[in-house]
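Chains as they are written, first to last, in my numbering: chain A, 93 to 345; chain B, 165 to 502.
If you're looking for bench data, these hints aren't it; they were derived computationally from the structure. Careful, some of the hints might be misleading.
[Stated by the list, open to error] Once the Cα atoms are required to be at most 30 Å apart in a straight line, the calculated DSSO-like pairs of lysine-lysine come out as:
hint	chain 1	residue 1	chain 2	residue 2
1	A	236	B	174
2	A	334	A	100
3	A	236	B	175
4	B	335	B	317
5	B	174	B	491
6	B	491	A	236
7	A	154	A	165
8	A	165	A	103
9	A	165	A	204
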Amino acid sequence: MEGNTILKIEKLSKHFGGVQAMLDVSFSLRQGEFLGIIGPNGSGKTTLVNLITGFVKPNSGKVIYQGKDITGKMPYTIAGLGIARTFQMVRLFYNLPAYKNLIIPLCSSRVKKLRGGKYGERDDVAVDLLDDMGFERDSFVPYKLAGSLPHGYLKRLDLARAMALRPDLLILDELFSGMAMSEVASTLPLIEKFHEEGLTIIMIEHRLKELFRVVDRVMVLNYGQKIAEGSPEEVMGTEDVKKAYLGIEVEIT
Amino acid sequence: MAEVEARYRKKRLDRGIKARADTIFAIASYREILYLILPRALPVIILLSLPLVLPSYWGKVLVYACIYGLLALSWDFLASCGLFSLGQAFFLGIGAYIAGALSYYFHWSPVITLPIATIGGGVISAALLSPVIRLRGVYFAMVTLMLPMLFMKMIETTGLLGGTHGLSALKPFPKGWAGTYLVIGLFLVCLFIFRRIINEDYGLVLRAIRDDDRAVMSAAINIYWRKIQALFVAGAVGSFAGAFMTHHYQFVGMSAFALDYSILPVAAAALGGPGTFAGAALGSMILVPLSEALRALGGMRIAIYCVILILSVIALPEGIFHYIERKYHQFERLVRVG
Numbered sequence: 093m094e095g096n097t098i099l100k101i102e103k104l105s106k107h108f109g110g111v112q113a114m115l116d117v118s119f120s121l122r123q124g125e126f127l128g129i130i131g132p133n134g135s136g137k138t139t140l141v142n143l144i145t146g147f148v149k150p151n152s153g154k155v156i157y158q159g160k161d162i163t164g165k166m167p168y169t170i171a172g173l174g175i176a177r178t179f180q181m182v183r184l185f186y187n188l189p190a191y192k193n194l195i196i197p198l199c200s201s202r203v204k205k206l207r208g209g210k211y212g213e214r215d216d217v218a219v220d221l222l223d224d225m226g227f228e229r230d231s232f233v234p235y236k237l238a239g240s241l242p243h244g245y246l247k248r249l250d251l252a253r254a255m256a257l258r259p260d261l262l263i264l265d266e267l268f269s270g271m272a273m274s275e276v277a278s279t280l281p282l283i284e285k286f287h288e289e290g291l292t293i294i295m296i297e298h299r300l301k302e303l304f305r306v307v308d309r310v311m312v313l314n315y316g317q318k319i320a321e322g323s324p325e326e327v328m329g330t331e332d333v334k335k336a337y338l339g340i341e342v343e344i345t
Numbered sequence: 165m166a167e168v169e170a171r172y173r174k175k176r177l178d179r180g181i182k183a184r185a186d187t188i189f190a191i192a193s194y195r196e197i198l199y200l201i202l203p204r205a206l207p208v209i210i211l212l213s214l215p216l217v218l219p220s221y222w223g224k225v226l227v228y229a230c231i232y233g234l235l236a237l238s239w240d241f242l243a244s245c246g247l248f249s250l251g252q253a254f255f256l257g258i259g260a261y262i263a264g265a266l267s268y269y270f271h272w273s274p275v276i277t278l279p280i281a282t283i284g285g286g287v288i289s290a291a292l293l294s295p296v297i298r299l300r301g302v303y304f305a306m307v308t309l310m311l312p313m314l315f316m317k318m319i320e321t322t323g324l325l326g327g328t329h330g331l332s333a334l335k336p337f338p339k340g341w342a343g344t345y346l347v348i349g350l351f352l353v354c355l356f357i358f359r360r361i362i363n364e365d366y367g368l369v370l371r372a373i374r375d376d377d378r379a380v381m382s383a384a385i386n387i388y389w390r391k392i393q394a395l396f397v398a399g400a401v402g403s404f405a406g407a408f409m410t411h412h413y414q415f416v417g418m419s420a421f422a423l424d425y426s427i428l429p430v431a432a433a434a435l436g437g438p439g440t441f442a443g444a445a446l447g448s449m450i451l452v453p454l455s456e457a458l459r460a461l462g463g464m465r466i467a468i469y470c471v472i473l474i475l476s477v478i479a480l481p482e483g484i485f486h487y488i489e490r491k492y493h494q495f496e497r498l499v500r501v502g
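Just chain A, with the same shape it has in the complex (with noise of 0.2 Å):
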């Protein structure tokens, strides 16, 4: 056991109406961890991230965060404690150019203190940051409106916008939904360096063959409970993960 503990989550509920989208939901991350987050369509992967950065309010659980209790604050309150998210669906300032995307984080009182949250520092902070991301700075990329570009360079602008806020946690949905193979191939490589840097990260995804390279823990969850946790090997080796991913053999007579 490296690290201290930097999220813990005890027995998380919610329900919406009579749909149970979360059961007691209990796990716990160390700094700089690296964790999976797998399971069928709707098992509830999404709302659990809702959970955590306060978009939807739990109906019985905790949240605890560095030690604090965050359960039930405002969305924004948790991002400004370091909580950074993307969007399963990304959600951009599309008549904005993309690098004017990174000035709305960039403006908020968390970046302020740092380099890049003061006036007239931002748009170059902004321009860096995209660099990184593998938006080429002397190409005309950076400055296009951010409707205007393919879908493989919003998932990673949205990427960049969770980034801009110098998270201590990183929430990834399902990042690569949607991306071609080569795009995939390009951002895996981002995620591992900000992992090796120590950024503790989440990671929900689809696409198990990438997700296991990367990832030190996987938790698998379905009808909104969690059915195995460990290493990818031996999650996947759980009757439980088999019968929710692949469905129960039947003998047919």
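With chain A fixed as given, assemble chain B onto it according to the hints.
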């Protein structure tokens, strides 16, 4: 003719001027300087010289147009962060009554009442509307539509602040022209500051809130605090217009909360092109004089006014200013080839 076409070709004027970002200019000739400065300086010069040449009746109309212009700017500012208001009369009325009450009961001069009414109106507007900033679109519009009516009825039934008679014989501006230039000046200052602010980082955040408030929240920005700030600014501008009106007419009555003050600024912004501020300003400079010019037609005035408004919205749904702006960027000159 064919010979001329062969030796000249058309070239966009702004191509050479604009470098990558639209805030960096590379100017090469006096013509390009004129191209950049004229559209910005000309309206200012015209507006500042109009009071000198206009007959006194149209001078009054100009002041009135500036009051509506301020309301339209205030509307456009709120709309830029996604708050669609139908209650500009509320801002106007609050400012008008603060200035009126201070002038009537304490006999303070406009020099003191105007700043107090501006700041106070902004604070009251932000405070009273802050519980409903979570509402969006038509729901927010409905609340803002009700507020001026609520205040109007309260004054009518309680008889406070002069009740149905209003407060009269208030302090005027020391000189007639001082008032006129004050409102024109502030109208222009507001226009230029707003146009500047909306493209700065602060304005980008406001526009982002209108586009996608969840994405802004996930960027650690307290959207509700930003919206309250926007309400304060819009409220202060509207209240200044109201306070000015009070001293200009030396009277304040329930009519300061009238529906006209809510609807006409929206119409002006829609006609001129919302989101640009210049459109809202242009719209009110067209609508108010138009409405006065049609006065000679008597009863048909409102009907014709409405028809003109409808036709212009159908013909130019983007707004006049967006149209002009597009044409401005497409401005061409002939360049000699060979």
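Handout entry: Restraint status (C-alpha distance of residue 174 of chain B to residue 491 of chain B at most 30 Å)
Key = holds, 15 Å
Practice task
Take the C-alpha atoms of residue 236 of chain A and residue 175 of chain B, compute the straight-line distance between them, and say whether it is at most 30 Å.
Solution key: This hinted pair holds, its Cα atoms lying about 23 Å apart.
Practice task
Measure nothing beyond the straight line between the CA atoms of residue 165 of chain A and residue 103 of chain A; if it is 30 Å or shorter, mark the hint as holding.
Solution key: Holds: residue 165 of chain A and residue 103 of chain A sit about 17 Å apart, inside 30 Å.
Practice task
For the pair supplied as a hint, residue 491 of chain B and residue 236 of chain A, confirm whether the alpha-carbon distance does not exceed 30 Å.
Solution key: OK: residue 491 of chain B and residue 236 of chain A at ~22 Å, within 30 Å.
Handout entry: Pair hint outcome, residue 334 of chain A versus residue 100 of chain A [Cα-Cα no greater than 30 Å]
Key = Roughly 27 Å separates the two Cα atoms, so the pair holds.
Practice task
Quickly compare the C-alpha distance for residue 335 of chain B and residue 317 of chain B to 30 Å and report which way the hint goes.
Solution key: holds, 26 Å
Handout entry: residue 236 of chain A paired with residue 174 of chain B [C-alpha distance capped at 30 Å]
Key = Holds. Residue 236 of chain A to residue 174 of chain B sits at ~26 Å (cutoff 30 Å).
Practice task
Would you check the hint for residue 154 of chain A and residue 165 of chain A, treating anything up to 30 Å between C-alpha atoms as holding?
Solution key: holds, 11 Å
Practice task
Would you check the hint for residue 165 of chain A and residue 204 of chain A, treating anything up to 30 Å between C-alpha atoms as holding?
Solution key: holds, 21 Å
In this structure, none of the earlier numbered hints is contradicted; all agree with it.
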